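Student: Put together the whole structure using the sequences plus the hints.
Numbering (the numbering used here), first residue to last: 1 to 1027.
It should be emphasised that the hints constitute simulated quantities derived from the structure, not laboratory data. Fair warning: this is a prediction, and the values are worked out from it, not measured in the lab. Treat the hints loosely; a few may be bogus.
[What the hints assert, rightly or not] EDC-like mimics (lysine to aspartate or glutamate), calculated; alpha carbons at most 16 Å apart, straight line:
#1 Lys700 <-> Glu786
#2 Lys70 <-> Glu117
#3 Lys629 <-> Glu583
#4 Lys490 <-> Glu417
#5 Lys66 <-> Glu117
#6 Lys172 <-> Asp159
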Amino acid sequence: MNLAGWCIKNNRTAFTFFALVAMLGYSAYQSVPRLESPEFTIRTALVITYLPGAAPQKVEELVTDKLESKLQEIPEVEKIESQSMTGVSIISVEVASKYMDMPPIWQKLRNKVADVEPTLPDGVQGPFVNDEFGDVFPVLIAVTGDGYTYRELKTHADDLRDTILQNGMVAKVDLYGVQEERIYVEFSNARLAEAGITPQEIMSAISSQNILKPGGSAKVGPERIIIEPSGALSSVEDIRLLSIRAQGQDDAVYLQDIAAIRRGFVEPPETMTRYDGEQCLILAVSMVADGKVTDMAPAVIAQVRELQAAMPWGVDLVPFFSQEKYVTRSINDFMVNLLEAFAFVVVIMFIFTGLRTALITGALVPMAMLMCFVFMPVFKISLQQVSIAALIIALGMLVDNGVVISENILVRFARGEERLPAVQGAIQELWLPLLTSSLTTICAFLPIAWAKSDVGEYCFSIFQVVSLTLLCSWFLSITFVPILCYYFLKPEQKGQSFDSKVYRVYRALLIRSLQRRGRFMAIVGTVFVVAVWGFRFVPSIFFPPNDREMLLVDFWQPYGTDVTTTAERLAGLERFLLARTNEVESVASFIGSGGPRWYLGLNVEQDNPNYASVVITLRAADHVAALQKALEDHLEADFPDCRYTVKPLENGPPVGAPVKIYLSGKDIGAIYELRERIAKAMGEIPGVTNIRDDWGEWTKKLKINVDQEKARQAGFTSEDVATSLQTQISGLSVTEYREGKDLIPVVFRSDDAFREDLGRIESLAVYSFMSGHNVPLLQIATAELEWQTSNIRRRNRARTMTLMSDIEGRFASEALAEIVPVVEAMQAADDWPGGYSVEFGGEDAESAKAQQSIMAVVPLAMGLLTLILIGQFNSIRRPLIIILTIPPMIVGIVPGLLITQAPFGFMAFLGLISLMGVIVNNAIMMIDRIEIERNLGQEPIDALIVAAQRRLRPIMATATTTVCGLIPLSLQGGEMWRPMANTIMFGLAFSTLLTLLLCPVLYAILFRIPCGEYTWDPALLEKSRED
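Tutor: Here it is as structure tokens:
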């Protein structure tokens, strides 16, 4: 390996190459996609089916169950969840995390749905498959206009959407708060009876008049002319002037004489949107794949500003959310942390190695990172908080290669070797050990890359960036660093001294540990057991909340509430928020829907008229905790009948409620009864608040019991009853009126007076479609008020109610540790019914699942690491010593987390995995030096003590640079990164001290090296040299 010599001899070519790498790296840094957090695949699709008017149990039986039984045949599917509500079935299909290519799986899903479709009952609309559930919309724009009608706002919103879609960086623009238009034909039974006209005759007249049939074509001379008769309804006036003739009568009447015709919107609206309490439409803008939000969002906002100038007075286009703001801030903050960490590293290297070596190794850091940036687009790595944190983690590690090379060359210079041979000799000696060391460190990060889970995908860039940076560091250490050493490094005036106080103390401790190795190992073992026991006092968490200045409110009215009532109740909450002008910047409300997924980790709720999602942007992150508490107090006081959650954004994959209990069984009544018992027990646990479930309370249902015998005698069928009820109460779409590119349904229904007074339902006229006759409903049926569940949820085909709660003043893991034994005791009691099971979920379960996905592949990574070590040392005992230095790191981690009051979450777990690589690297350095000393002819015990002293400075330098490099992340990285940084810092600090003693002691034990009365002889250093 003469790369160093070649680079020195061809220095102009080499420097040109490194300059080119630096420029390419800087260019890549400028162009690489920027995100706030890494992307991960949303492996969920929705299957939505409508069965108008059907009760939840009918929807479950006739639609949901049939679809679920077919969908579970897809082998890639891991979980199926569904909800059956009045008139609609929503099935959520989740694919296992190990699958990455979604389109073929979604095609399988569509095929299965198509197989079931012919077996579904008449009147079904759908099923519709939504596999774009995971699309993210990084820009939200509100279109408001005080005094403007909804139709006028819709026109301006459509113009804005058309403008934005011309931007090549935009994938699509979805519109929220849209109200579908209708043309209502509203009749009175009394007026129809007076005119002698039946509803069927009116519906038939409207639909037959609006049919547009071709008139054929005629050949006229050499030409063929198309004949097109008119007749389609072209305006609302055409509908008003439609002639209706009763059967058996000569005179016709206009439709407007017997019914009220008006143009309006769906009543009640399906969804609504408001911005700062005003009616609005909200545009959600998504980005093309591999786009840069830092380019797309400003460009879209510029388009909005330009179009705003052309808007009439009073119409405002408000881009109230832009992901670019948070991405830029996050990256800038992390880059500051990176620069601070770099400064720490240079200072530490100066203290340990002197100015010239510090500058040389310091030059290695930016070069390695720039070289890493060159490869980031190749491996599709974006610049976001996880990848930048990986750079900070790698910072201390990548210096190690430069330090070892520089010190080796420095010693050779001091021995009097010529510069070129000294540099070539150092590289020839160290290129393979340094490569091995880098590979073993990379192996420690392999479990992150191999983990088959959402969080593994979320954190995958840690493995990518650390691996790329270390390999770039190794390459530069055998090319770039030798050139700098050749030209700028000077030999030390005096050799390394082992007579300082630090060395004397260390030497004394080492000799005593070797002499009393049994006692030393007993102490290490005891401390390790105590640390493992103490781990129970470290609270656990999955991911901490995001520290962005935003709050989300999920607002649930009782089931059965329509969207207009939900909007009216929500207005009180909006007024409360907007009155706090010092804290609140904006309030956006999505009523009847969860809105778009404007943040990847958002847990988007399905459309429901009794639900609203409120997005609150605050003026500063400092206000989040106080406003959250104030909101919860306000909701508890003013909305006692509502369910709600107030929470900041989540980091990582969405979890939802911190504590979840899945209660499964068959009988709906029994599930509700068990819910009451579990909820009561949960309420007695300290810190458990806002207990709720996803089924809701019982709701009213008016059941019409048709007397089949009476109906048959009167000449009526059950279909006549159902159609008459739907026509006169909900309304029946009879045709569609075309206006430009829009199709507007024409809905036929009774007037308001009848629809809003169900007390008159027994007098409702039931019309026979065969004869046209009618009778009051009371003659052939009775009406009975019943109670039903409005929402039946299933999980993997079993009816499952999810009980959820928030946690206040403690961690979810602590509360769950008290909840679990209480619920398990309930299950063990004699009065717990058979066939009903309980499963625990939430933060704890998701964290355990994520950690298990990594731990499952740790043995493979450790096996590969061991093979590399065996290949390097051609030994079993030496790799065993290195592996045995890993577990004691827990002794530093536990007190570190307790002292800093940081929870052990998934990021801390990743820190623990990352720490393994650094510890292994230190142990390799120690074992490798021991072997060198023994090969130089030292006595085994002398070799141990001399090697340990020679490795003291480089090991301490590497550990100190890594620890100090993480200080900015610990202090300024927020709750997301503080536990990870503290895990590595405290674990490495202790494990380094332990490695300096434990490695020689284990070596002495496994190789049976005695150490009786021992006196240190400085002359031993003369026999030790770098070779």
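Student: Each hint needs a verdict: does it hold in this structure or not?
Tutor: Taking the hints in turn, this is what the structure says about them:
1. Lys700 <-> Glu786: holds (6 Å)
2. Lys70 <-> Glu117: holds (11 Å)
3. Lys629 <-> Glu583: holds (13 Å)
4. Lys490 <-> Glu417: holds (12 Å)
5. Lys66 <-> Glu117: Distance ~9 Å between Lys66 and Glu117 Cα, so the pair holds.
6. Lys172 <-> Asp159: Holds, because 14 Å separates the two Cα atoms, which is no more than 16 Å.
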